[in-house]
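Keeping the supplied structure of chain A fixed, place chain B upon it in accordance with the hints.
Listed below are the residues making up each chain.
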Amino acid sequence: MRPALLLTPPLAWFVLVYLTSLVLLLITAFWTIDTFTTQIVQVWNLDNFRIILTEPAYRLIIGRTVGIAALVTVTDAILAFPFAYYMAKVASRRTQTILFAAVLLPLWASYLARVYAWILILNHSGILNWSLQSIGLPAANIGYTNTAMWLVFSYIWLPFMIIPTYAALERVPDSLLEAAADLGARRWRAVLDIVVPLAIPGVVAGSIFTFSLTLGDYITPILVYSNIGIANNVPFAAALAVVPVAIMAVYLLIAKRLGAFEAL
Amino acid sequence: MAPQTSIGPGEGQLNLVLWDGYADKSWVDPFTAATGCKVSQKPAGSSDEMVSLMKGGGAGQWDMVSASGDADLRLIYGGDVKPMNTALIPDFANFQTYFKAPGYNTINGIHYGISLQWGPNTLLYSTKKFPNAPTSWSTIYDPANKGLLTVPDNPIQIADAALYLSKTQPDLGIKDPYELTQKQFDASVALLKQQRPLIKKYWALATDEITLFQNGDVVAGAAWPFQTIQLKAAGAAVADTIPIEGATGWADTWMLATKAAHPNCAYLWTKWVSTPKVQAMQALSFGETPVNTKACAEMETLSAGSCAQYHADAPGSYFNTIKFWTTPIATCADGSNNCIPYAQWQAAWTTITA
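Chains as they are written, first to last, in my numbering: chain A, 41 to 304; chain B, 839 to 1192.
Next up, chain A with everything else stripped away, as it sits in the complex (with noise of 0.2 Å):
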C-alpha cells in the first residue's frame, strides 16, 4: 500500500503531462489545416503521412537526420571508449577524480554558450581558418555545412556517452583481466574479448543518449546550419514529429536486446 501511494503521484503526472500529451500529438497527426487560414480542421485522414512519405524532400530530411545522428553516435562512441577505459582501469584515483570533472565541466556551462562558441570557431573569420591560414593552409569553409553539425553534435553529447560506457567498463572486475593474463592472453586479446562484450551495453546505453538527443535536437541545426520550419501546420508538424518518436521506439527495442537498461 505504502508504495502505491508514494508511486502514484509522479505516476500520474507521467500519464496525464507526457502520455496524454503523445496522445494528442498522434491524433492531430491525422487532422488537417485549411490551407488558406491554416486554422486547424478534424477531418480524419492519412494525407500528411502520405506527405511525408511519398515527397523526396522529406525523405531527405528524414534520412539526413538518422545519418547524422548514426554518425554523431559512432563517432561519441569511439572517442567514449579509451577514454572511459583509461578512467575505469588505468587512472589513479586523483586523475580519476579531474577526469571525472574535466568531462562534466561543460555541462555547468549553456548549451547555447556553447553552440555559439562553435560558430566564432568555425566561421569564415573565425579561430579554424585563422589557425590553418597562419600555418599556411588554405581556408577550411566548413561553417554552416553538414561537417559543422556532426562536428559540433559529437563535441556536445560526447560526455553523455563517456559516462555510461565508463560505469560499464567500472563493474568489468579486474579479476577476469588477471584471469585471462594468466592463461596467456595478451592486453589487446584481454580487451577485445573480455572488456568490450562486457563494455557494449554500456556503450548502447550512451548511444541511446547521443542518437536521440541528435535526432529530436532543434537549436544547434539553427545556429549551425539551416533552418527546416513547417510553420502553422500543426497536424503536418505532428505527422512529422510522429517519424522520430517511432525511430526511437525502435532504436529503444534494439538497446533493450542489447543489454542497455541493464547497463544504465
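Keep in mind the hints are simulated off the structure, nothing from the lab. Backbone N, C-alpha and C fix where the C-beta goes; we use that ideal spot for every residue, glycine too. Be a bit skeptical, because a hint or two may be false.
[What the hints assert, rightly or not] Calculated Cβ distances over 10 Å to all of chain A for the following chain B residues:
#	residue
1	K880
2	A982
3	Q1032
4	L1140
[What the hints assert, rightly or not] Going by beta-carbon spacing under 10 Å, a handful of chain A positions derived as facing chain B:
#	residue
5	D74
6	A97
7	L100
8	I101
9	R104
10	H164
11	S165
12	G183
13	Y184
14	I262
15	F276
[To be verified] Stretch by stretch, here's where chain A covers chain B in the computed footprint (C-beta under 8 Å, at least three residues):
#	segment
16	1035-1042
17	1050-1056
18	1181-1190
Below, chain B alone, put in the same frame as chain A:
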C-alpha cells in the same frame, strides 16, 4: 461587425505582437505617459510566427499585431483580426494614397488595420568583392558566388524568383509575382532549387545576416535596408541596391485582434504611431519608410537628406515599381482559381531548403 466609432478612455494596458524595434522606448514612454496604457511587447521572428500567435483572434492575450503583407490575408480570412475605423486616426488623411487601401489589408473597402511603414527587399553586397555595384538579381543566382550567398528563410522568397523570371523569361508571362499559375510557380521553384547549393545559410533573423556579412561568410544576399544601416554603422564594407528587375517589398500594418481586451489603448496607439514625429522616429531607427507623407519634414529634422534617401517623398507612381508582399491565394486577379495558394508556397519552400 462594425468597428467602434469613438475612442474611449484607455484600459491601462496594451499587448503587442510586433517586429523587434517597432515599439522603442523613445516613443513608447511618451505614449504611456500621455495615455496611461502600459505597453508589453512580444517580438515575433517571422510572419508565420505572427500568424500562429494571433490564432483564435489573439485569444484575448494580444491586442494588436504589426503584420507584414504576407501575413495579412491569412489573419483577415482566419478571422483573427477585425476591421478598424480609419476615421479615428486623424493622420490617415496624410497617408500616401497607395497605403490608404492597399489590397493586402483592405478588402471591398473594409480596412483591416492601419498601414504603418514599408521598405524594399534590396540586394546587399560586399563592396570588397563587388567593387562595381551589381545591377541585377542574377548575382544571387550566379554559380560563381557558390557558398557566398544568403537569402531570407521565408516562403515569400519564391516571389523574388518569380519577379526575376518575369523580366528574364518573359515568355512565362508572369505579371504579378504573388499570383502564379502552376507553370510559373514550378519555374520559380526550379530556379530556387538551382540556387540552393549556392546558399551558405538561409537567414531567419536580420541579425543572422549581419553576422554572416561581418564574418565574411557571405558576400551578397537579399536583405532589408536595416541590415545595410547596421553593417555600415559597424564599419563593414557593404552597400545595397535595387536591381534593374525591380524589387519586392514589405509593408506593415497595425491590425486589431478580434478578441482584443484593450481596444481603446489599441486605437490610441495606432493614432500615436501614425503621427509624423513617431513615423519619422521609427523610420530612422529601423531603416524603413513612413506611410505618412507629413513625416518627411520630421525626418529631415532628425537626419538631413533622409527623406529622399528612404523615398518618403516618392510620387505615387513609384509604388508600382515595388511589388509589395501579399498572401498568395488561389483566386487570381482574373477571377479564376488557377493560382497557387500560400500553403503550397510553404510546402515548396521546405523542398527547396531541405
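Do the hints match the structure? See the list:
1. With a cut of 10 Å on Cβ distances, B:K880 stays outside the contact zone with chain A, its closest approach being about 17 Å.
2. Separation of B:A982 from chain A is adequate, the least Cβ-Cβ distance of about 16 Å exceeding the 10 Å criterion.
3. Distance check on B:Q1032: its Cβ is at least 15 Å (rounded) from any Cβ of chain A, clearing the 10 Å threshold; non-interface status holds.
4. With a closest Cβ-Cβ approach of about 34 Å to chain A, B:L1140 is found to remain outside the 10 Å limit, as its non-interface label requires.
5. At about 8 Å, the closest approach between the beta carbon of A:D74 and any beta carbon in chain B falls short of 10 Å, and the interface hint on this residue holds.
6. With a least beta-carbon distance of about 4 Å to chain B, the hint placing A:A97 at the interface is held under the 10 Å criterion.
7. Hint status for A:L100 relative to chain B: holds, with the closest Cβ pair at about 5 Å, below 10 Å.
8. Among the interface hints, the one on A:I101 holds; its C-beta lies about 5 Å from the nearest C-beta in chain B, closer than the 10 Å criterion.
9. A hinted interface residue such as A:R104 counts as satisfied when its beta carbon comes closer than 10 Å to some beta carbon of chain B; here the least separation is about 8 Å, so the hint holds.
10. Given the 10 Å rule on beta carbons, the hint for A:H164 holds: about 4 Å separates it from the nearest Cβ of chain B.
11. Checking A:S165 against chain B by beta carbon gives a least distance of about 5 Å; that is within 10 Å, so the hint holds.
12. Because the closest C-beta pair between A:G183 and chain B is about 6 Å apart, less than 10 Å, the hint holds.
13. Interface restraint check for A:Y184: the shortest CB-CB distance to chain B comes to about 5 Å, inside 10 Å, so the restraint holds.
14. With a cut of 10 Å, the hint placing A:I262 at the interface with chain B holds, because the nearest CB-to-CB distance is about 7 Å.
15. The restraint placing A:F276 at the interface with chain B holds, with a minimum CB-CB distance near 9 Å, inside the 10 Å limit.
16. As drawn, the segment 1035-1042 of chain B meets chain A at 5 residues by the rule of a beta-carbon pair under 8 Å; at three or more, the given contact holds.
17. With a threshold of 8 Å between beta carbons, the proposed coverage of the segment 1050-1056 of chain B by chain A holds, since 3 of its residues qualify and at least three are required.
18. Counting residues of the segment 1181-1190 of chain B whose beta-carbon sits less than 8 Å from any beta-carbon of chain A gives 6, enough to reach three: the coverage restraint holds.
Checked against the numbered hints given earlier, the structure satisfies every one of them.
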